[in-house]
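**Q** Following the hints, complete the assembly by docking chain B onto the known chain A.
Protein chains: 2
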Amino acid sequence: MAETQEQEKSQTRLQSFAEALESGRLVTIRRMVNELHAAEIAHLLESLPPSERELVWEMVEPDKDGDILSYVNDDVRAKLIHQMETDELVAAAESLDTDDLADILQDLPDMVIHEVLQSMSEQDRFRLEAVLSYPEDTAGGLMNIDTVTVRPNVTIDVVLRYLRLRGQLPEMTDYLYVVNRNDKFLGLLSLADIVTKDPGLMVGQVMIHDFEPIPANMSAREVAGLFERRDLITAPVVDDDGRLLGRITIDDVVDVIREEAEHSIMSMAGLDEEDDIFAPVVVSSRRRGIWLGINLITALIASWVIGLFDATIEKVVALAVLMPIVASMGGIAGSQTLTLVIRGMALGHIGSANAKRILTKELAVGGLNGLLWALVVAVVSTLWFGNYMIGVIIAAAMLINLVAAALAGATIPLFMRRMGIDPALSSSVVLTTVTDVVGFFAFLGLATVVLL
Amino acid sequence: MAETQEQEKSQTRLQSFAEALESGRLVTIRRMVNELHAAEIAHLLESLPPSERELVWEMVEPDKDGDILSYVNDDVRAKLIHQMETDELVAAAESLDTDDLADILQDLPDMVIHEVLQSMSEQDRFRLEAVLSYPEDTAGGLMNIDTVTVRPNVTIDVVLRYLRLRGQLPEMTDYLYVVNRNDKFLGLLSLADIVTKDPGLMVGQVMIHDFEPIPANMSAREVAGLFERRDLITAPVVDDDGRLLGRITIDDVVDVIREEAEHSIMSMAGLDEEDDIFAPVVVSSRRRGIWLGINLITALIASWVIGLFDATIEKVVALAVLMPIVASMGGIAGSQTLTLVIRGMALGHIGSANAKRILTKELAVGGLNGLLWALVVAVVSTLWFGNYMIGVIIAAAMLINLVAAALAGATIPLFMRRMGIDPALSSSVVLTTVTDVVGFFAFLGLATVVLL
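Protein sequence lines correspond, in order, to chains A and B. In terms of the working numbering, the first sequence is numbered consecutively and its last residue is 457. In terms of the working numbering, the second sequence is numbered consecutively and its last residue is 457.
Treat each hint with caution, since some may be false.
Remember, identical chains collapse to one label, so a pair may be satisfied in a single copy or spanning two.
Claimed, not checked - Here are the computed lysine to aspartate or glutamate pairs in the DMTMM-like style, where the Cα-Cα straight-line distance is at most 20 Å:
(1) Lys84 - Asp68
(2) Lys202 - Asp162
(3) Lys361 - Glu24
(4) Lys69 - Asp236
(5) Lys84 - Asp277
(6) Lys202 - Glu176
(7) Lys69 - Glu233
(8) Lys84 - Glu279
FYI, nobody ran anything at the bench for these hints, they're computed from the structure. Values in this document were obtained by computation on a predicted structure and should not be read as measured data.
This is chain A alone, in the form it adopts within the complex:
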């Protein structure tokens, strides 16, 4: 992951902003900001500390406000909205697509929501309510309602004349949706077919019949998988009766994929991907402090295990010197297995059907690496303390701990999922507890039996 041009550019931009802000060249800043795309401004706002973020936000042209709000993360959005007047908010909200509006609606003050709904046409209000009635992480929550529909019993030529009359198409329109008079979804008519097929043909003859529309209650993640596997750009969303509700576009699916991956990475360190990196110190400290507190419990359990053997340590102080090696090697090996299994589960490669095979394999890998590194550590310890028995003990403890780590790393995430707990968030703490306890117990326990 070497520094790419893109990152450099984004950093250079940030640098020049920082300089312009420091020297108070507000006109320059205003010009620079408004030359950027909404997504780029959103990115910039996320990269700026609060005071400068507020200043830049003031300078953004109002017609971009809505778009930018739909791009920034939840934390930053709440702060930006807090800074805006009611009429600015209403104007911003009115400029948005329904799916984006639905996303930010919950952050808006009640008065604004009321005004926005008032200002909409009845049809739009009806559609927005349709989107809002589905959870954000379902197909219904992801969908937009800007579909263009045609009937099956007209010719391509009629469709072409209708489209020329219409004058323009929503962004990312690759298909028109063919529906009957009750809005029931019948099939897809691609723009490519409209421009390449004989204009005398009927829509019903040309359309794709066998496309299965997406049910509105399908999970966002499943939608993402479908888009990836079928290489879709847009897909129609239908209700339980097969009536067309809207469509999902690939840009929203890319966001789902991106967020899902971010979520895995961040949860494994007890972080939230929607957090503002410049959140006030107290807020960040509280969120992360909870994670530290949970880990402190783990550490105290490990200490308690060590405490059981304090008499042994007092006699052979070399044990205190060597014991962190056993625990830490177990932790590292376990987290490799854990990461592999959590990702495999997220990608659907691993589940109850092949869990046993994965476990067997991971135990073998743990055993083999346990043997290898146990030998190395045994030699080092024997040379260091001039006592081959210490070498034998640490080798045995390490082998035990690496096998335990493989067992724990492979089973904890599956167990967590069965309990309905997010494995990415919770597994690593439990794993550390296991590898610490087993590591210290095996090493100090063996030493107590053998050396005393």
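**A** Chain B in isolation, oriented as in the chain A frame:
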């Protein structure tokens, strides 16, 4: 990340495959396999252990071979190719798009490459060589060459007649590319405009003039950023002289985004996202063993620090019991900062321009959490060992270590990147070394000074 329907379905499928394979119902298996899409078969093959994978691969209809090979990960692909005859490979290779063919070409035996190139038309061979001349992780490596071009000085109506004559368009065609007679890129003509605009207008009047084409040497990651920010579906790729070479489609960009995220997650545990989860035990052990070896060096350094204070530990054995708490809390806090910074860098939020602010903030968070948890640990330790001096010492050591962890977590990734080393892969080992060494040194050092 609760169990989604998609994962359930994929697991159910895997389960029924496993059962069918066990009972040897080969006809059932063949039918089940060939009902799936290529991407779904690829996913299935990745989820099966080697022996069953080979069996299923034998049953796949030959015309799907090429597509499936372009979907599976590098490791699995090499194994599947190994199992195929030359003529099967040639047939599979011939069925692929140039960008996919370019991706798998390096895995093919020389004889197959030769035959595939021989079988191609001169134009296709020329185009394949163009794709091959760019590294896989650049725009040139991602691009496909199935562009449809038009001239600016014809009417929309002429374009429509040309397209009807042509009969079909490549998948994911949202724009035709407007070029001059030397193939220099001039602009974009959307299918949407072709079907909505007055057919008497000239292409040059309707086309989008201000779209900046992608230079062939732009990095894949930068391409992904561009697609995300501008909500693109396809984009033209040009050489240094502005001549059209091909186009990039969103499906390949989604793969880049997915792989980049996988890479971050896997590297942090010293794993490779292209590894086969069912690689032979010896292969997996070797790869992961190296990572364990590197971490063993860290652990030995930590032990050496403890060894410096063995006389102190011998006198106050409570120190041995408590010392892992200081090190592990530092490690957890540091890895939070580290994850935040590595992701911030990958997303372009963090770089040299705002590094100092991030550092200040992280130090403050570390200090605050250090104070809080130092107090808690101090109380616990004092009660446990009935010696308030031990409480004071561990509190001080913990505060020091959490501040050091914040410092290390925020600066190591930036330093690694400057050195040209992948921060996701290397930072965590260095961080652990820092938090272990500082933690043990601060705690045992203070104890030596104060207690003895």
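**Q** Check lysine 69 against aspartate 236 for me: Cα-Cα at most 20 Å, and say if that holds within a copy, between copies, both or neither.
**A** Intra 31 Å, inter 16 Å, cutoff 20 Å: inter-copy only.
**Q** Given a CA cutoff of 20 Å, do lysine 361 and glutamate 24 count as a within-copy pair, a between-copy pair, both, or neither?
**A** Result: close only across copies, 14 Å inter versus 58 Å intra.
**Q** 20 Å Cα cut-off: does lysine 69 pair with glutamate 233 within a copy, between copies, both or neither?
**A** Only across copies: lysine 69 and glutamate 233 sit 17 Å apart there, 30 Å inside one copy, limit 20 Å.
**Q** Is it within a copy, between copies, both, or neither that the alpha carbon of lysine 84 lies no farther than 20 Å from that of aspartate 68?
**A** Within. Shortest intra-copy distance 19 Å satisfies the 20 Å Cα cut-off; inter-copy 54 Å does not.
**Q** Between the shortest in-copy and the shortest cross-copy C-alpha distance, which are at most 20 Å for lysine 202 and aspartate 162: within, between, both, or neither?
**A** For lysine 202 and aspartate 162, the Cα distance is within 20 Å both inside one copy (10 Å) and across copies (14 Å).
**Q** Go through the copies and call it for lysine 84 and aspartate 277: within, between, both or neither, with a Cα cutoff of 20 Å.
**A** within (17 Å within a copy, 39 Å between copies)
**Q** When Cα atoms must be at most 20 Å apart, do lysine 202 and glutamate 176 count as within-copy, between-copy, both, or neither?
**A** between (23 Å within a copy, 15 Å between copies)
**Q** Should lysine 84 paired with glutamate 279 be assigned to within, between, both, or neither, using CA atoms and 20 Å as the limit?
**A** Within one copy only: 13 Å inside a chain, 40 Å across chains, cut-off 20 Å.
In this structure, every one of the numbered hints holds.
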